[in-house]
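Asker: Those protein sequences? They're chains P, Z and X, same order as listed. Heads up: the first sequence at position 66 corresponds to 66 in the working numbering, and the numbers run straight through without jumps. Count along the second sequence from 1, add 1000, and you get the number used in the working numbering. Count along the third sequence from 1, add 2000, and you get the number used in the working numbering.
For the record, the hints were derived by calculation from the structure and aren't laboratory data. Careful, some of the hints might be misleading.
[As the list claims (entries may be wrong)] To give a feel for the contact side, a few chain Z residues facing chain P, derived at Cβ under 8 Å:
hint: 1; residue: Arg1098
hint: 2; residue: His1155
hint: 3; residue: Pro1156
hint: 4; residue: Phe1193
hint: 5; residue: Leu1198
hint: 6; residue: Pro1205
hint: 7; residue: Ser1207
hint: 8; residue: Ser1216
hint: 9; residue: Phe1221
hint: 10; residue: Gln1224
hint: 11; residue: Leu1233
Here a beta-carbon is modelled for each residue, glycine too, at the ideal position from N, C-alpha and C.
The chain contents come next:
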Amino acid sequence: MYRIRFHGRGGQGLKRAGRILGTALFRAGLEVQDAPRYGAERRGAPIFAYVRASRSPIHERGVISCPDLLIIADPHLLAMPDSGVLAGATTRTVVLLHTGEPVSLWRERLDLPGPLLILPRLPGEEERFRGAVCAGGAAALLTELDEGLLARAISEELAHLSAELIMTSLGLARAAHAALAGERGIVRQEEPISAAGYKTPAWLTLACEEAAVSAPAIHAAATSELSQTGLWRGKRPVIDPGRCRGCWWLCATFCPERVIAVDANRRPRIDYGHCKGCLICLRQCPHHAISAVPEEEAAREEKA
Amino acid sequence: MTRTLLTGNGAAAWGARLARIDYLPAFPITPQTEIIETLDGWIEQQELVCRLVTLESEHSMLTAAGAAAVTGVRVFTATSSQGLLYATEMLYTVAGWRAPLVLVNVSRGLSSPITLEPDHNDVLAVRDCGFLQLHCATCQEVLDSVLIAFRLAEHPQVRLPVLVNLDGFALSFTREPVEIPDQSTADRFLPPFRAGSLRFRAGEPLSAGVAVLDGSTYSYFRYQAHLASLQGLAAYEKIAAEFAALCGRHYEPLECHRCEDAEIVFVMIGSFATKAREAVDRLREAGERVGLLRPRLLRPLPVAHLRRALAGKLGVAVIDQNLAPGRGGVLLTELAAALHGSPDAPPVLAGYVGGLGGREISSEEFFEMHREVRQAVTRGENPPPRLLFTGEELRAVRKLQQVARADRLGQGGEQR
Amino acid sequence: MIPPGRQHLRELPDRHCLAAGTPLCAGCGGLAALQAVCDLLGEKTVIVNAAGCLTLLAAYPSTPFRGSWLYTAMASAPAGAQGVRDGLDILLDKGAIGTEENLEVLVLAGDGSSGGMGLSATSAAIDRGLDFLYLCYDNEGYGNTGQQASAATPRGARTATSRGPQGHPGAKKDLFAIWAAHRPRYVATVTAAEPLDLARKIETARNLSGPRLLLALAPCPTGWGYEPAEGVAIGRLAVQTGLWPLKEYVDGRVQHSKIPQPRLPVRDYFASQGRFAHLLRPENEQLLAALQDETDRYWQEVEEHA
């Protein structure tokens, strides 16, 4: 059975990616199971989707813990400890990372136990097409799929969209498929967990604890600050100090997250650890002192 | 201490009064209303310092009750039947908050058809909501159980809401002699409420009832509520012993009447169990070795006690005053699960459903159930479950059906 | 008496009560309104919440609050507020807590709860004269489940359950009027896009006691179909087109706190959001005219009664 997991963020079309791949594998004659998973979090927040495919009926259910193929639509997710992107990756898990950066860089950064492939950013690729791109890249790695099946699955899954959007998605998915054509067959189906010689679950007998700790209540203030929602951002609002007139109250007042504070010099400062990148500040600044910089670019500049 | 005649509702109100409740969110429903009216009278006359607020529904009533309990005051409330079901979402919710309040339910059959008379489908429908459940058979037990329930709810190892159940009409509107403990005795038994860490105050940030969005953490909290409920058994026994020392009335988790040498045992909850008790005495006079077992504590279910009490018995007749359509009686399945695997479990476990919507269960019916079970013991097989219903009853229903159909024909309807 | 408000944005608090890191959508108009309320109410507040998008603010072990929070259920947040208020009052009366430990009780609910399931509990709480503030974030649909039509969905809006060529056929339930009919202490419509008006109304409400409602239009990028950056502009357009009248009910009278001059055509507002895109098609010309007409009539009545 193939166990494939897609990771992305709300708004990138990852649910669609799972469905496209699921449909393509189904059309190729395999039994398929696909599902999205999203929690409380929203546009920009981490979500994942998974696909199982097999020649025989599938009885596994729920989240895939040990994937054969892991597609990461957004490298930012790797910085979020809670996103669980690399959970369960082993020596035989193929990781496909969608980034404009070179493979050498990520090999060093991630130090993965198994193979790492890069699905490059494509010309004309907008955030909302990322699902189709990732589905195209993933399809290229599976021997059961070809470009025809991929195109058919995209047409089926995006049938409710305009012809123009379908054409763009098809074009991008094909380009992604072509970019990884040399890696066909790199992902192998894994056998089910054997009942002979498995790892024993570490069950314990839970003790009763007093309600002060065992009720679902939080006896602390402002713990949400631990969530680095800044990682949700696609684009970063950057204040041009030359243009900013020091009228700190417009951007700060309208910021729905209240992450623009005023420093000692009465200048606005954005808390990038938490700014989700809604860009209301950019739209509200009367002096056009705020610009939107793609996050990868901003991060590169930051490192430089 | 005073001995006087009180209804079950009056006894429940006295229990709440002696507990010095701070807050009484209320909503009227027959046959419970007398409880809140009685308490309201005392509040009016300044015999009780308590805030009564009438909500617009039982759902809101339980919300307010739970919210006040986690704010740090002692809360008592009461409902019945449809009201209990309307509040069900909040019963689960406030139990999850670990809000230590006491709720009296006056049992009444459920709609549809709508009715006023008692059975236990209401209270058993909320069997799994997380409230501990105490079931009463007499008006005295109602009063005493309310006091015990507050101790249990507020016990630091438990800290869960407790439901005290009494039957509509059979107890709620029935006067019996009841000993009312002195306030000083009640105060010695039940000290003032200590809110602990679950409370709302300026300067003590608390986010309560929050979402829990992953299965493992959710499981932890749910398991803990279950473990706390299980702790309730030992806590109950200790509290009941203290109560006995102060007031002289001892309420074991199971009431066992003439069970020691019994071969056949009736199992029932609630006030109709006193009818079974009477039948046991008559059967004993006729030379039969028979007893009655009445669980007071249904949540947590005293499984080990049940196994012990029924060990070596030849047959058990479970009389369910409730009906789970498509399955039968709820207590029967509870008991079967409790006894399963016990090496000396009774070989015959017979299920009877009776007493729905206040239908009487006669002495003769108890005698006959005993005979059937004994026969089953001899034959070595379980009898099929029986719905108690007689030929006379069916004939009476037939007469009503004729009227119901004639009425339609009179309107020009077609006969089918 | 309505006190004068602040004249300039710089007079608004620059210290904030809610912490960052919430799991809500980027650009959430409901959060923006709540931020303003919390900024002015401060930490001595307990928020009693009904099921909706903002329920996710506190998800174990994460909370943005420096005050307190209690999630109840969808239908009964005002009853939860009753329990907390009564509990605190009982403790105050007994002398078990001092006034410095007291809290303001704030109900926080979306339009789905406020105009539907929670309306009976709300009506009863007003009836009882409960001393509480109620913030309704109105995103005009069941936003938390993917924007299905609610009682607050305006006519013509496309939602997940009104996808037809003319959008939602029903009219928006008038929660302001429903509240006002109960003769509570205070009712006001607000939006975070008008922060001075919002701040003045929050402070007016804060300084009164009894049942008080702040009904906030909460632009929702996810449910309404627009880029999050446009949220404030859209809120402002709602006011400028006259579709979201800023008004308050106090001492038995309704007053408009802002009369849009000139009033922009409603078309401008509809053009800003995906949920109304179909209204601009030629086949919906009549519907668009009817919606303009409805708004015109509303303001004509306002002028006549001025």
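Asker: Let me make sure I understand: some of the numbered hints might not hold for this structure. Which ones are they, in numerical order?
Answerer: Violated: hints 2, 4, 8 and 11.
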